[in-house]
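Asks: Sequence:
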Amino acid sequence: ESEPELARTINASAVGVLAREAAALGAWLAHYSTDYVFDGSGSNPWLEDSPTGPLSVYGQTKLEGEDAIRASGVRHLIFRTSWVYAARGGNFAKTMLRLAKERDKLTVINDQIGAPTGAELLADITAHALRAAQQQPQLGGTYHAVASGETSWHGYAQHVIEFARRAGQPIKVGASAIEPVPTSAFPTPAKRPGNSRMSTQKLQQAFGFTLPAWQTGVERMLTETLT
Numbered sequence: 002e003s004e005p006e007l008a009r010t011i012n013a014s015a016v017g018v019l020a021r022e023a024a025a026l027g028a029w030l031a032h033y034s035t036d037y038v039f040d041g042s043g044s045n046p047w048l049e050d051s052p053t054g055p056l057s058v059y060g061q062t063k064l065e066g067e068d069a070i071r072a073s074g075v076r077h078l079i080f081r082t083s084w085v086y087a088a089r090g091g092n093f094a095k096t097m098l099r100l101a102k103e104r105d106k107l108t109v110i111n112d113q114i115g116a117p118t119g120a121e122l123l124a125d126i127t128a129h130a131l132r133a134a135q136q137q138p139q140l141g142g143t144y145h146a147v148a149s150g151e152t153s154w155h156g157y158a159q160h161v162i163e164f165a166r167r168a169g170q171p172i173k174v175g176a177s178a179i180e181p182v183p184t185s186a187f188p189t190p191a192k193r194p195g196n197s198r199m200s201t202q203k204l205q206q207a208f209g210f211t212l213p214a215w216q217t218g219v220e221r222m223l224t225e226t227l228t
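Under my numbering, the first residue of the sequence shown is numbered 2, with each subsequent residue one higher.
No wet-lab data here; the hints were simulated from the structure.
Beta carbons: idealized from backbone N, C-alpha and C, even for Gly.
Take these hints with a grain of salt, some might be off.
[What the hints assert, rightly or not] Straight-line C-alpha distance at most 27 Å; calculated DSSO-like pairs for lysine-lysine:
id	residue 1	residue 2
1	203	95
2	106	95
3	203	106
[Claimed, not checked] FRET-style restraints, in silico, Cβ to Cβ:
id	residue 1	residue 2	range
4	207	91	31 to 37 Å
5	221	6	36 to 42 Å
6	11	91	17 to 23 Å
7	51	99	32 to 38 Å
8	202	135	20 to 26 Å
9	170	132	25 to 31 Å
10	168	14	42 to 48 Å
11	224	150	41 to 47 Å
12	72	224	25 to 31 Å
13	135	5	34 to 40 Å
14	150	181	31 to 37 Å
15	170	48	37 to 43 Å
16	104	135	32 to 38 Å
Starting from the given sequences, assemble the full structure and let the hints guide the process.
Replies: This is how it looks when you write it as structure tokens:
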């Protein structure tokens, strides 16, 4: 947000270069975008053709990147996703676990709703979709790719901490001491969408997917992290 031109270079201009090069090579381009292209209003899941309305430089430049891909004529798969995590590197779940071992009380946002989605799931979706699209080019386009179900950051934190507690981790915070708070309690440079629900019906119908519940991937990641 503080470096809009750099954001535009990375999220839009560079993506356009990749798209044009891929088009010249006759290659497929797989690209990852975000729920931040929407304004986060309402409570209904966003569809691929829902009106966009980014609230931040990040969301606006990611949308410009999508548009650059479409304008290039390259055969492409754009996957919009959200709340992504992986076993390696930092993520929300690991932060909550660390804090739950250190503190008697936690405050976590409860008015942003989405589906925690594993990088492993996104990799599987991408590989399967690319194989299918190479055989059926008409499958190219934009898809929403998130795990099934929904939760708040507060619900996500509760699930993570209780899973760790059952696994024998030394959790200090009590189950009733995880306090829900509004987004306004944690100001951020980029305005966060309240509604990150995304419909995956198009993805599931096009490629024959049955997407797992968000809890499944989170628990797999936690099992790998805790052992």
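Asks: Taking the hints in turn, state whether each one holds.
Replies: Hints and how they fare:
1. 203 with 95: violated (32 Å)
2. 106 with 95: holds (16 Å)
3. 203 with 106: Judged against 27 Å, a Cα distance of about 41 Å means the pair is violated.
4. 207 with 91: 31 to 37 Å: Holds: the Cβ-Cβ distance is about 33 Å, inside 31 to 37 Å.
5. 221 with 6: 36 to 42 Å: Because 39 Å falls inside the window, the suggested range holds.
6. 11 with 91: 17 to 23 Å: Holds: the Cβ-Cβ distance is about 20 Å, inside 17 to 23 Å.
7. 51 with 99: 32 to 38 Å: The hinted range 32 to 38 Å holds for residue 51 and residue 99, with Cβ atoms some 36 Å apart.
8. 202 with 135: 20 to 26 Å: With Cβ atoms ~23 Å apart, the hint holds.
9. 170 with 132: 25 to 31 Å: violated (39 Å)
10. 168 with 14: 42 to 48 Å: holds (45 Å)
11. 224 with 150: 41 to 47 Å: violated (19 Å)
12. 72 with 224: 25 to 31 Å: At roughly 43 Å between Cβ atoms, residue 224 and residue 72 fall outside 25 to 31 Å, so the hint is violated.
13. 135 with 5: 34 to 40 Å: Given range 34 to 40 Å: holds, Cβ gap about 37 Å.
14. 150 with 181: 31 to 37 Å: Taking Cβ atoms as reference, residue 150 and residue 181 lie about 18 Å apart, which means the hint is violated.
15. 170 with 48: 37 to 43 Å: Distance hint for residue 170, residue 48 holds at roughly 39 Å.
16. 104 with 135: 32 to 38 Å: violated (50 Å)
Hints 1, 3, 9, 11, 12, 14, 16 from the earlier list are contradicted by this structure; the remaining hints agree with it.
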